[in-house]
Amino acid sequence: PAPKVSFFSPGEESDTVFVSHCLEVEESIVDLRFGLKGKIDAVLVVDVWDKDVTHRLQNFVLPFELKTGRRTSASRLRDRAQVMLYALMMSGHNRRQDASPYGMLMYLRECTLE
Numbered sequence: 020p021a022p023k024v025s026f027f028s029p030g031e032e033s034d035t036v037f038v039s040h041c042l043e044v045e046e047s048i049v050d051l052r053f054g055l056k057g058k059i060d061a062v063l064v065v066d067v068w069d070k071d072v073t074h075r076l077q078n079f080v081l082p083f084e085l086k087t088g089r090r091t092s093a094s095r096l097r098d099r100a101q102v103m104l105y106a107l108m109m110s111g112h113n114r115r116q117d118a119s120p121y122g123m124l125m126y127l128r129e130c131t132l133e
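In our numbering, the protein residues as written are 20 to 133.
Among the hints, erroneous ones may be present.
To be verified - Okay, the calculated beta carbon distance ranges per label pair: (1) Asp71 with Leu51: 42 to 52 Å; (2) Ala100 with Asp71: 30 to 40 Å; (3) Glu129 with Val38: 25 to 35 Å.
Claimed, not checked - Within a straight-line C-alpha distance of at most 20 Å, the following computed EDC-like cross-link-like pairs (lysine to aspartate or glutamate) qualify: (4) Lys56 with Glu43; (5) Lys56 with Glu45; (6) Lys56 with Asp98; (7) Lys58 with Glu133; (8) Lys58 with Glu84; (9) Lys58 with Glu43; (10) Lys70 with Glu129; (11) Lys56 with Glu46; (12) Lys70 with Asp98; (13) Lys56 with Glu84; (14) Lys58 with Asp69; (15) Lys58 with Glu46; (16) Lys70 with Asp34.
No wet-lab data here; the hints were simulated from the structure. Ideal Cβ placement from N, Cα and C applies to all residues, glycine included.
With the sequences and hints as input, model every part of the structure.
Okay, structure coming up:
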């Protein structure tokens, strides 16, 4: 079975995200529009299901970043910005017509996912 990740907001039930598969590991990406380049830890295909896991709502291709250090408020802001830039770069990349505006960030030390 595919790994399952659930996202929750206080007081709300949320949709469920399944990681379908990994398309690339350490993918180099260049965006000439912004003059940026980077190396995405992994490019994942994820399926978003309703809270009861009875209907698939969407399918996304998104960047996934792994961080080994301790999560601080400063590093969290920087790391989230990095993932957002990768998502933006993927959306303009010719090979990534199916890219989403979302990304995933995991801190291995705390085992937290954003």
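Verification of the hints:
1. Asp71 with Leu51: 42 to 52 Å: Since the Cβ atoms of aspartate 71 and leucine 51 sit about 44 Å apart, the hinted range of 42 to 52 Å holds.
2. Ala100 with Asp71: 30 to 40 Å: 34 Å Cβ-Cβ, so the 30 to 40 Å window holds.
3. Glu129 with Val38: 25 to 35 Å: About 19 Å separates the Cβ atoms of glutamate 129 and valine 38, which means 25 to 35 Å is violated.
4. Lys56 with Glu43: holds (16 Å)
5. Lys56 with Glu45: holds (12 Å)
6. Lys56 with Asp98: holds (15 Å)
7. Lys58 with Glu133: Roughly 19 Å between the alpha carbons, so the hint for lysine 58 and glutamate 133 holds.
8. Lys58 with Glu84: holds (10 Å)
9. Lys58 with Glu43: holds (11 Å)
10. Lys70 with Glu129: Violated, at about 25 Å.
11. Lys56 with Glu46: holds (11 Å)
12. Lys70 with Asp98: violated (28 Å)
13. Lys56 with Glu84: holds (15 Å)
14. Lys58 with Asp69: violated (32 Å)
15. Lys58 with Glu46: holds (5 Å)
16. Lys70 with Asp34: holds (4 Å)
When held up to the earlier numbered hints, the structure conflicts with 3, 10, 12, 14 and fits the remainder.
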